[in-house]
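Taken in order, these protein sequences are the chains called R, Z and U.
Using the working numbering, you'd call the opening residue of the first sequence number 1 and step up by one each time.
Using the working numbering, you'd call the opening residue of the second sequence number 1 and step up by one each time.
Using the working numbering, you'd call the opening residue of the third sequence number 1 and step up by one each time.
Be aware that one or more of the hints could be misleading.
Under 10 Å between C-beta atoms, here's a sample of chain R residues computed to sit facing chain Z [claimed, not checked]: (1) Val-49; (2) Asp-57; (3) Asn-60; (4) Ala-75; (5) Arg-80; (6) His-106; (7) Ala-164; (8) Leu-166; (9) Gly-168.
Derived DMTMM-like pairs (lysine to aspartate or glutamate); straight-line CA-CA distance at most 20 Å [what the hints assert, rightly or not]: (10) Lys-184/R <-> Glu-247/R; (11) Lys-201/R <-> Glu-84/R; (12) Lys-42/R <-> Glu-208/Z; (13) Lys-32/U <-> Glu-208/Z; (14) Lys-6/R <-> Glu-208/Z; (15) Lys-8/Z <-> Asp-146/U; (16) Lys-8/Z <-> Asp-57/U; (17) Lys-278/Z <-> Glu-245/Z; (18) Lys-154/U <-> Asp-7/Z; (19) Lys-297/Z <-> Asp-249/Z; (20) Lys-8/Z <-> Asp-31/U; (21) Lys-221/Z <-> Glu-84/R; (22) Lys-42/R <-> Glu-245/Z; (23) Lys-8/Z <-> Glu-141/U.
Please keep in mind that the hints were generated in silico from the structure rather than gathered at the bench.
Since this is a predicted model, take the numbers as computed values, not measurements.
For every residue, glycine included, the Cβ atom is placed at its ideal position computed from N, Cα and C.
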Amino acid sequence: MVVFDKPHALTDVSMHYCPGCTHGIIHRLVAEVIDELGIEGKTIGVAPVGCSVMAYDYFNCDMIEAAHGRAPAVATGVKRALPENVVFTYQGDGDLASIGMAETVHSAARNENITIIFVNNAIYGMTGGQMAPTTLPEQVTQTSPYGRDVNHCGFPIKVCEMLATLDGPEYLERVAVNNVKNVKAAKKAIKKAFQNQVEGKGFSLIEVVSSCPTNWGMTPKKALEWVEEKMIPYYPLGVYKDRSAKEEN
Amino acid sequence: MVLKMADKVLMKGNEAIAEAAILAGCRHYFGYPITPQTEIAAYMAKRMPKIGGCFLQAESEIAAINMVYGVAATGKRVMTSSSSPGISLKGEGISYLAGADLPSLIVNVQRGGPGLGGIQPSQSDYFQATKGAAHGDFHMLVLAPASVQEMADLTVKGFELADKYRMTAMVLADGTMGQMMEPVSLDYDVKNTVEKPWATTGTNMEREHNIVNSLFLSPEKLEEENFKRYDRYKLIEENETMYEEYMMDDAEICVSAFGIASRVAKNAINEARAMGIKVGLIRPITLWPFPKAPFKKAGEQVKSIISVELSMGQMIEDIRLASECKVPVTLCNRAGGMIPTPEQVLEAIVNANNGGAK
Amino acid sequence: MSTTKFLFAGFGGQGILFSGKFLAYKGLIEDKQVSWLPSYGPEMRGGTASCSVILSDTPVGSPIVSNPDVLVAMNLPSLDKYEDSVVSGGTIFVDSTLVERKVKRTDVNVHYIPATALADKNGMPTLANMIIVGKVLSALEQFNEDGINAALGKVISARHANMLDFNLKALKIGSEN
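With the sequences and hints as input, model every part of the structure.
Here it is, written out as structure tokens:
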């Protein structure tokens, strides 16, 4: 009896992610959802620049590698050309909330019928641990070595809260993958985000609060505790916008 | 769908480009307003919804070129247009299109620079278009129309060549070409038959996944990709170079110009011929690949070459290389949005004929 | 073999570009080589507007008209700016309602026509441009109704078909004054 198997939507390529990194979990959740919805054959993913830059090797569906921050614009082009297909982007915090903020906001404002998986781990991972737009106040990084000074470089950006002020987007939810309960809730949210697209409802973004043990300088276990103690209080989990549910009420 | 406008109509250059793109099967256009090319976007905004196409005004030039990248990845014909400062913003996307070997069409209706510059016609993006659109080893096919008819013809040609060689084709026009009206006939037998097995259209669970990508962390692999691309460029240089020669048979003076400058030059050449001066014109139609052969020949035939440009002298460098510096090459130019007059070009021709360098 | 270079100039909103386009279409219908080139940019919004039109029996070289054979000046700044550029022996048409001074040049033909006043008088205040074009066509002996009707059909969209007769009337008024 098979009790555990790799989702079909994931390839056999060994992932390059660091030990304890939660990208692997999030990849798996996306792949499970693609399997369960039976949409692998018509799904086209857009990978970002950042730690998940090589996501195109890990998903079995057609994949496109975008320029830094431009994934929502690339996804817009794909979706406009192939409206019957399912198009998702997978982006980190630097990609989505810093260099690609304009693309993020405007694709949301257009209610572009795409799904965005936004991995927020409060740091630039691939380049070795620099300050991100979501780095917490006082958090030490390579480019905020004395801790993030909000008087000098401003405050972290709360993406779900910000996008929720727009009329455009269909669905915005923040989840985490630091424990089993949260992982299950994250999968449910990701599934809804894909289901929304299949149903033509429009822009769905799932912000996944994640960890980066390597660049945070912590053990994987300690990093997950830090998510619970520091990240989630600053980035509260929950649904920030669900237009269809609101309209039904 | 067959759409034809066989009868000659008066059209602005910008509109001719837009209609020709539609006739070429382009159903996706993304752009951002900037003078003097905005008529292209306006035309597309009006026409696309009526023919099941997509016009989308992007939030920036950067977003527009990346939307182009997305559609190109699906294998469909797609375009964007802009004017000089906007093309600079598109540079990043242009490099990614090259790195991922995606076909697309980009129109640059040039205006004077650098910086915000002005809005009057210019040819000062020659270097950018032919050599330095963005980072990395790559070229665009660069097509330089000199009439409204050619604005349309080279747009259709650009789509065909882009598909054939999996690369970006740029129509490099200027404010005059974009704004002027001339009679055009839009009657094309459009070739849109290139197979695109690489396109990301969904596996349909029937094939391995396709990946559109420009990232190659292995230098050996990246080098191989570059060599492969340049092998293709060699074929293009051999097969797709285009130029026009005018009265060059017995010419002792050669004028060279592209686009609007070539039309000013023709006026001057006609007047110089009436004065008995043996002068002709070489008009590059493809700026990349640059038509080296006629200039090599001119280097052995004429006394000197005059490059007429709406810039501080950019194409002149390619002319010197192609003519192998065998004869003096002088510059007759205006810049910043000004256009040389036929009188100015005639004076340069007379000077050259008298043996003076200027 | 002949080439005629026209320069239309006036305020933005006077229909400068439209009258140039009409003339270009008339040329096209009469099997001439034609080009039409507008000034463009912020100056178009209420400032000075101009457009170059070339009609020729041979292919048009540069579409830019720096020394017109025919200048149509619909306001004073236009006459001030372009009077000296007209070729010797050329022709200048002046809207004498809006331009109070006379042409200084003595080596050109000059036609004064109170186009704006005529337009107002005939209840067509937006068609001073076509009145002056009517004058141009008659002075150049190119006032043939077949070509005019065909060209008007091209430049006036079906949506504004009711304007066709007004434009024709304006051209006639111009030709008779």
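In rising order, the numbers of the hints this structure does not comply with: Structure breaks hints 7, 8, 9, 10, 13, 21, 22 and 23.
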